[in-house]
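Listed here are the chains, written in short residue letters.
Protein chains: 2
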Amino acid sequence: MNTEKLIEKQISSRLVFDGVVAHLYLDEILLPNGERSTREYLKHNGAVAVLAIDKDDNAYIVNQYRYPHGRVITEIPAGKLDFAEEDHLEAAMRELREETGLTSASVTYLGEYIPSPALLSEVIYLYYATDLSLGAQDLDEDEFLSVEKLPFDMLVQKVLNGEITDGKTVCAVLKVDKMRNEKK
Amino acid sequence: MNTEKLIEKQISSRLVFDGVVAHLYLDEILLPNGERSTREYLKHNGAVAVLAIDKDDNAYIVNQYRYPHGRVITEIPAGKLDFAEEDHLEAAMRELREETGLTSASVTYLGEYIPSPALLSEVIYLYYATDLSLGAQDLDEDEFLSVEKLPFDMLVQKVLNGEITDGKTVCAVLKVDKMRNEKK
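Note that the protein sequences, when read in sequence, are chains A and B.
For the first sequence, our numbering assigns the number 184 to the last residue and increments by one with no breaks.
For the second sequence, our numbering assigns the number 184 to the last residue and increments by one with no breaks.
Calculated directly from the structure, the hints in this document are not laboratory data.
Nothing false has been slipped in among the hints.
Looking from chain A toward chain B, a few residues come up when the C-beta cut is under 8 Å (computed):
1) LEU6
2) SER37
3) TYR65
4) THR165
It should be emphasised that the depicted structure is a prediction, and the values quoted were computed from it without experimental measurement.
Where is the CB? At the ideal position from N, CA and C, for every residue including glycine.
Chain A with its partners taken away, still in its complex shape (with noise of 0.2 Å):
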């Protein structure tokens, strides 16, 4: 694939909104054909996500209002990295801690997951978690959710009959679900 025809190079950058979250840049860029147009777009420094699942084959996931949605989302647990240099596997196990009181003595990296290319600069580091042991949830203070756990098969039945829409959820529930049947 000659990829040079189709690269987009940067003329200026410049940080429109510093939220608390958001941090949007509007750039002005060089099209391939030489043309100039803008890019909008959040930068962020990554995020992690966690299928957990237990020796009886459940899996744990939770119930969150998604405010841009209005309303409860089903998803792994997962949670932004602290910085961008933080180490992936750790900041994972924190969020799994954190959300669900779960530590996991095997961890699997199931790959990089991009949510949205076009918008966000966001990569989310997937990881599938099993030989788990249950403590304290450590939520933070602006943060509700609420835990379930449910057998896999089953959670595996809602991202295909379409109850579960979350992208990572869907994306990691699915690439576990391959990589067991390739096993057996």
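With chain A fixed as given, assemble chain B onto it according to the hints.
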């Protein structure tokens, strides 16, 4: 699940940046515990994406420079709804035709995909298109992409080995793979 205790209520809403594609809102909200907080998010009309597979079992993918990531990313054909009430299937067929030149005589709906529930209101409607005919590509003026076709099995492998990381693409590929394996 008792979701009442998770709900966040709007106090006020303010459009802080109204760009070409990014419409950034800063809302003041009431948390479930009665405290005040803020939410920053991009409002979005929604989008569509299509996994198209021909009679020889080749899938069509597009390679596109994604400025926030500073590199070319491989995705299935996709695009924004032109307006919020646009028919999803019509939009999906338009984007497929514009980006690849393909029309399809058999389309299956794969469900919703939520790319980033905390930061974007965007929902992407996923489709699986077969029975294809190839016509001419018809790109927007500022759209630069290269179309490739590759065997569907190879696309599944690229998802599993982490070469393909775009979320909507991973979701559509693994859903179709699972559907096809269950039919066998």
